[in-house]
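J.: All chains should be modelled from the sequences, with the hints used to inform the complete structure.
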Amino acid sequence: MEVRHTTNPTDVKQYTTERLRKEFLVENLFEPNKINMVYSHYDRLIIGGATPAGEALKLEDPETLKTEYFLERREIGFLHIGGGAAVISVDGESYELTKLDVLYVGKGKRDVQIASKDNANPAKVYLVSALAHAEYPTRKMTAEQANPTPLGSIETSNERVINKYIHEDGIQSCQLMLGVTTLKPGSIWNTMPTHVHDRRMEAYLYFDLNDDARVFHMMGEPTETRHLVIANEQAVISPPWSIHSGAGTSNYAFCWAMAGENYSFSDQEFIPMKDLK
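FYI, in UniProt numbering the residues of the sequence shown are 1 to 277.
Note that these hints are calculated values from the structure, not bench results. C-beta atoms are modelled at their ideal positions from N, C-alpha and C, and glycine is treated no differently. One or more of the hints may lead you astray.
[Unchecked claim] Taking lysine-lysine pairs in the DSS-like style, the calculated list, with each CA pair at most 25 Å apart, reads:
| # | residue 1 | residue 2 |
| --- | --- | --- |
| 1 | K99 | K34 |
| 2 | K140 | K58 |
| 3 | K66 | K109 |
| 4 | K22 | K109 |
| 5 | K117 | K140 |
| 6 | K34 | K140 |
| 7 | K34 | K66 |
| 8 | K277 | K13 |
| 9 | K277 | K22 |
| 10 | K140 | K109 |
| 11 | K34 | K117 |
| 12 | K107 | K58 |
| 13 | K99 | K58 |
| 14 | K107 | K34 |
| 15 | K107 | K66 |
[Stated by the list, open to error] Here are the in silico distance ranges between beta carbons for each label pair:
| # | residue 1 | residue 2 | range |
| --- | --- | --- | --- |
| 16 | T138 | E55 | 19 to 27 Å |
| 17 | R73 | T249 | 35 to 43 Å |
| 18 | Q145 | K117 | 14 to 22 Å |
| 19 | S266 | A56 | 37 to 45 Å |
| 20 | E93 | T6 | 32 to 40 Å |
T.: See below:
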């Protein structure tokens, strides 16, 4: 597992493009027969990607976590983003996921394995794990069950559908929140006007882009914005002090996941467009 340490917003103002990408962009999550993970010291969030194409992949990394098993002090959400069906085994009980299904697994589950139903058509599974101090039951949710909410308009280039899976009115968790936003054809903007929430960090995974499409992800303090150019199935670690917004060369989808002190969407601090620089 790769480990990323936190950064100082004052120092980030001086970063080159290469340094910004090294600190905040995660480029290679999905490789055949591997679970690739990144441990961020921002709220101890772990993001990862699994592409099982043979034997089931066991969720583990005792060397990094220094625990007996992965979910000893953690909870996790799995999102199916493409390929064939995935089969996730949790202490011997199996759950099948297809495109945009989410599985939440709470603290204390010992044996978690990820497999593809058909190895000739391997699944791509995104995972997000946060620290947890309480146990919540394992639960699967489809996109149709995630209260799809249409927002925005084609006139403002942000017509989209938001699916909220893990949150206070959906799948219950300790502190992890997770959802998916899908932009309609002709729309390119996400989270604009933008905001910050200094009590919790966020991670974005962009997916469903063509190979030659890119998203320009905006980050940084509101008066010191920067950007990252992001390709399909790449992720961004967004610090609590940073805006997180983006515009694509085509429409796309992205998974947003959060962890931190608050368990509410009401702590957002919206940034007026006139204040962005």
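J.: Now tell me if each hint is right for this structure.
T.: Going down the list of hints, with the structure as the test:
1. Taken as a hint, the K99 and K34 pair is honoured in the structure, with Cα atoms around 20 Å apart against an allowance of 25 Å.
2. Straight-line distance between C-alpha atoms of K140 and K58 comes to about 19 Å, which keeps the hinted pair within the 25 Å bound.
3. Among the hinted pairs, K66 with K109 is consistent with the structure: their alpha-carbon atoms are about 16 Å apart, no more than 25 Å.
4. A distance of roughly 33 Å separates the Cα atoms of K22 and K109; the hinted pair therefore is violated under the 25 Å criterion.
5. Annotation: proposed proximity of K117 to K140 holds, straight-line Cα distance about 17 Å (limit 25 Å).
6. Proximity of K34 to K140 is assessed by CA-CA distance (about 23 Å); at most 25 Å being required, the pair is judged to hold.
7. Restraint check: the Cα-Cα separation between K34 and K66 comes to about 20 Å, which is no more than 25 Å; the hinted pair holds.
8. With a CA separation close to 12 Å, the supplied pair K277 and K13 stays within the 25 Å bound.
9. Simply put, K277 and K22 have alpha-carbon atoms about 23 Å apart, close enough for the 25 Å limit, and the pair holds.
10. A C-alpha spacing of about 15 Å is found between K140 and K109, which places the hinted pair at or below 25 Å, so the restraint holds.
11. Restraint check: the Cα-Cα separation between K34 and K117 comes to about 16 Å, which is no more than 25 Å; the hinted pair holds.
12. Using a Cα cut-off of 25 Å, the hinted pair K107 and K58 holds, with the two alpha carbons roughly 16 Å apart.
13. At roughly 21 Å between alpha-carbon atoms, K99 and K58 fall within 25 Å of each other, so this suggested pair holds.
14. Between the alpha carbons of K107 and K34 the distance comes to roughly 23 Å, so the proposed pair stays at or under 25 Å and holds.
15. A distance of roughly 16 Å separates the Cα atoms of K107 and K66; the hinted pair therefore holds under the 25 Å criterion.
16. One distance hint, 19 to 27 Å for the beta-carbon pair T138 and E55, holds here, with the actual separation near 22 Å.
17. Look at R73 against T249: about 41 Å separates their beta carbons, and that is inside 35 to 43 Å.
18. At roughly 21 Å, the beta-carbon separation of Q145 and K117 lies within the given 14 to 22 Å, and the hint holds.
19. Taking the beta carbon of each, S266 and A56 are about 40 Å apart, inside 37 to 45 Å as hinted.
20. Distance hint check: the CB atoms of E93 and T6 are about 37 Å apart, consistent with the given range 32 to 40 Å.
In terms of the numbered hints stated before, the structure departs from hint 4 and from no other.
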